[in-house]
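Generate the whole structure from the sequences, applying the supplied hints.
Those protein sequences? They're chains U and S, same order as listed. Under this note's numbering, the residue at position 251 of the first sequence is numbered 251, and the numbers go up by one with no gaps. Under this note's numbering, the residue at position 118 of the second sequence is numbered 118, and the numbers go up by one with no gaps.
No wet-lab data here; the hints were simulated from the structure. Hints may be right or wrong, so weigh each one.
Covered stretches of chain U (in silico footprint by chain S; criterion: 3 or more residues with CB under 8 Å from a CB of chain S, positions within the stretch not fixed) [stated by the list, open to error]:
| # | region |
| --- | --- |
| 1 | 24-34 |
| 2 | 37-46 |
Computed beta-carbon distance windows for the label pairs [to be verified]:
| # | chain 1 | residue 1 | chain 2 | residue 2 | range |
| --- | --- | --- | --- | --- | --- |
| 3 | S | Arg132 | U | Glu241 | 57 to 63 Å |
| 4 | S | Thr77 | U | Met1 | 30 to 36 Å |
| 5 | U | Ser239 | S | Gly21 | 48 to 54 Å |
| 6 | S | Val111 | U | His8 | 27 to 33 Å |
Note that the Cβ used here is the ideal one computed from N, Cα and C, for glycine as well.
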Amino acid sequence: MIQDNFSHFELLKTQGYSPEQAYLEAEQQGLDFFAQIRMLRAVYHLSLPEAKEVMMVAHHQPQASVQKADILKQHYQNLLETLELVEQNKTWEFSQDEASQWYWKSYSAAKGNFKTTTSTTRYASLDECLANATANGYDGGIVTEAEVQQVKQLFRHNQHGSPDEVVYEDGDWHNYDPDDGNFEKVDEDSNVFEIDREGTLTYWGKSWQLANQEEAELTTSDANRITLDFPPNLVKELSVEATQEGLSFPDYVLRVLVTRPIATPRHRSESPFISVKSAQSP
Amino acid sequence: MTKSEILKSLGVEDTATFDTGNSVWYSYQIRSAKVIGYIQSQGIYLTASIFSINSQNPQDGGPAFRRFYKASQKLATVINATKLEILAIAIINEDILEHVIDLGFTAKQVVIPEELGNNGTVECYSKIIDMR
Numbered sequence: 001m002i003q004d005n006f007s008h009f010e011l012l013k014t015q016g017y018s019p020e021q022a023y024l025e026a027e028q029q030g031l032d033f034f035a036q037i038r039m040l041r042a043v044y045h046l047s048l049p050e051a052k053e054v055m056m057v058a059h060h061q062p063q064a065s066v067q068k069a070d071i072l073k074q075h076y077q078n079l080l081e082t083l084e085l086v087e088q089n090k091t092w093e094f095s096q097d098e099a100s101q102w103y104w105k106s107y108s109a110a111k112g113n114f115k116t117t118t119s120t121t122r123y124a125s126l127d128e129c130l131a132n133a134t135a136n137g138y139d140g141g142i143v144t145e146a147e148v149q150q151v152k153q154l155f156r157h158n159q160h161g162s163p164d165e166v167v168y169e170d171g172d173w174h175n176y177d178p179d180d181g182n183f184e185k186v187d188e189d190s191n192v193f194e195i196d197r198e199g200t201l202t203y204w205g206k207s208w209q210l211a212n213q214e215e216a217e218l219t220t221s222d223a224n225r226i227t228l229d230f231p232p233n234l235v236k237e238l239s240v241e242a243t244q245e246g247l248s249f250p251d252y253v254l255r256v257l258v259t260r261p262i263a264t265p266r267h268r269s270e271s272p273f274i275s276v277k278s279a280q281s282p
Numbered sequence: 001m002t003k004s005e006i007l008k009s010l011g012v013e014d015t016a017t018f019d020t021g022n023s024v025w026y027s028y029q030i031r032s033a034k035v036i037g038y039i040q041s042q043g044i045y046l047t048a049s050i051f052s053i054n055s056q057n058p059q060d061g062g063p064a065f066r067r068f069y070k071a072s073q074k075l076a077t078v079i080n081a082t083k084l085e086i087l088a089i090a091i092i093n094e095d096i097l098e099h100v101i102d103l104g105f106t107a108k109q110v111v112i113p114e115e116l117g118n119n120g121t122v123e124c125y126s127k128i129i130d131m132r
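Given below as structure tokens:
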């Protein structure tokens, strides 16, 4: 008598995994062919032909699609965790106090590595503040608590909303430079998500925008950002999809991030999404 | 060919034990066609089952099926099986079904083995070959 323990897959099922996703997970976990079939039949109550069809359908789906969904999910998690960390550490501040002096605390975040540095020094101007940060070699930047809260609020709004209620960016997209490969959304009221052609998703804090407005000498490497890289194979796949959709690569990727549910939502009603600012948000 | 060479041509894992009473699963690919199935030996009776042929190009299904068909017969010979039953389980691909029927397979209800989550029967195409 074969004794199976498919509790892990039962759990995945409750989290909204489709039979195809569970099957691919079983493959990844190294379950043998028989165990994969038994899992599908036991957990999803499929007949043998149905289980077989699931296997065939799962393999017909490009692996990259599943990988893509996982990566998008990872991006979402990384971004959210980073924002949580910022909140916990209370290391961000960038404001003008009553005496109209700038003070700052900064952080940098790239590829999941996070470090903080703080300063309570006050500066007479934004330029001076930023110049000091640059002079001290900080590769991080500055972000306000309000910004973090705003982004988190948007994430959470979308996380609990139905796909029809996802908040979309509705600002003017501009500054797309085909040669530079950057695409950015900059306006006075929203945060910025940028995708470059190498597949790096970057969140730019408002300080960067502000610095631009002030024409401060702030290079991109000095700006506040959260950077997440897409692997080359995903970039290639998304590029093809973008062409098919008649969109630029960055535009398409942003739309994917905004509109596509991340893989394996914990609950179907709580599919996490990534979104950016909308004038229609409540 | 030796038993291990035949099993290798079917993509049976090196670590799999193919003895009487044991089922081993196999998986191989010919061009776009990926084949999955299992083989079970019970003394002089060898059952070779093909569970799925998944091909993007229908033309690749035929050669993929023929490898299985020939390898099964070679295997029966080297292990001295006198009866070989080749089972095509729940065939979906119409192009493969054509091959199967051409080769003299007939429809048959088969009890689903425990390894596949025994629960009733499933329709297969079967061909029993006398190896003596």
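Do the hints match the structure? See the list:
no.	hint	in the structure
1	24-34	holds (count 3)
2	37-46	holds (count 4)
3	Arg132/S <-> Glu241/U: 57 to 63 Å	holds, 58 Å
4	Thr77/S <-> Met1/U: 30 to 36 Å	holds, 33 Å
5	Ser239/U <-> Gly21/S: 48 to 54 Å	holds, 52 Å
6	Val111/S <-> His8/U: 27 to 33 Å	holds, 29 Å
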